[in-house]
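Letter by letter, the chains look like this.
Number of protein chains: 2
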Amino acid sequence: MSVAPVKFQARKTIEQVEEGNDLAPKFDDRGLITVVTTDADSGEVLMQGYMNAEALQLTIATGEAHYWSRSRQVLWHKGATSGLVQRVIEIRIDDDQDAVWLRVAVAAGTHCEPASCHVGYHSCFYRTVELKTGKIIYAEKEKTFDPEVVYGNAL
Amino acid sequence: MSVAPVKFQARKTIEQVEEGNDLAPKFDDRGLITVVTTDADSGEVLMQGYMNAEALQLTIATGEAHYWSRSRQVLWHKGATSGLVQRVIEIRIDDDQDAVWLRVAVAAGTHCEPASCHVGYHSCFYRTVELKTGKIIYAEKEKTFDPEVVYGNAL
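Residue numbers (my numbering), protein chains in the order written: chain A, 1 to 155; chain B, 1 to 155.
The hints are simulated quantities; they were obtained by calculation from the structure and are not laboratory data.
A portion of the hints provided could be inaccurate.
Chain copies aren't distinguished; within one or between two, either way the pair holds.
Stated by the list, open to error - Restricting the straight-line Cα-Cα distance to at most 27 Å, the calculated cross-link-like pairs of lysine-lysine (DSS-like) are: (1) Lys-26 / Lys-141; (2) Lys-135 / Lys-26; (3) Lys-26 / Lys-12; (4) Lys-7 / Lys-26; (5) Lys-132 / Lys-12.
Model the full structure from these sequences, guided by the hints.
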């Protein structure tokens, strides 16, 4: 897809970054910025990931979530394999511009209901850590899809 | 505060970490795990931060959010200065256990309404990045508190 890349501004002062109108994201020493993605309707956190500059530019330009896959070291258009595309409703950026919040609507997949986690659950955060004990409890009782059917060998 | 630390398990296999019942968090090469904190009522993302093992253990044990401050390099009991304590309603952990989601109720501060951002806004994510253009738009029109009144020289 050919889109004009959004230009990022140079970071100059705390005031400019925190209280100004410049988009001046801070990428870490790996060239990445952290991203939290929530379901725009429910507020549920679906996943936590990373973007490089190109992924952030493509997300802004196309309105579909793009990430940087640290495990595969590639630009990752979420849903390209599974059909589970994340349509961006809103992008927020935090005070020091080193974190992005995406509010998304998740499409149904080619073979399943809307979901975001490669393990098969709706959210990647399908488990609760019990207060005081640290015991793991499954917040999602059943998987939304079978990863083998949706991803085959593409995982 | 004296509390028995919650024990973390060793990470052995993908199946154990993703589909088991062991709490086996993955701390990165700085000893940190990424944390996203949302308002338990509204679903709004309040902040993105980090915990070391001690901060995660204290959060589980006490039910109040503790972080690791990367800028100050100290354990950080959120609200210790401002009164804006985050009471944890639920802790979730993601598939590969390298990210934590806290659902919290924010207390009113000593000098202000409930808020979470040191700049004075309710959420650290007080600005929207407009789709297609990348233009910054203020989602929160007014600050919830005056940082100088709440923090004085403690920032």
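Tell me the hint numbers this structure goes against, listed in increasing order. none
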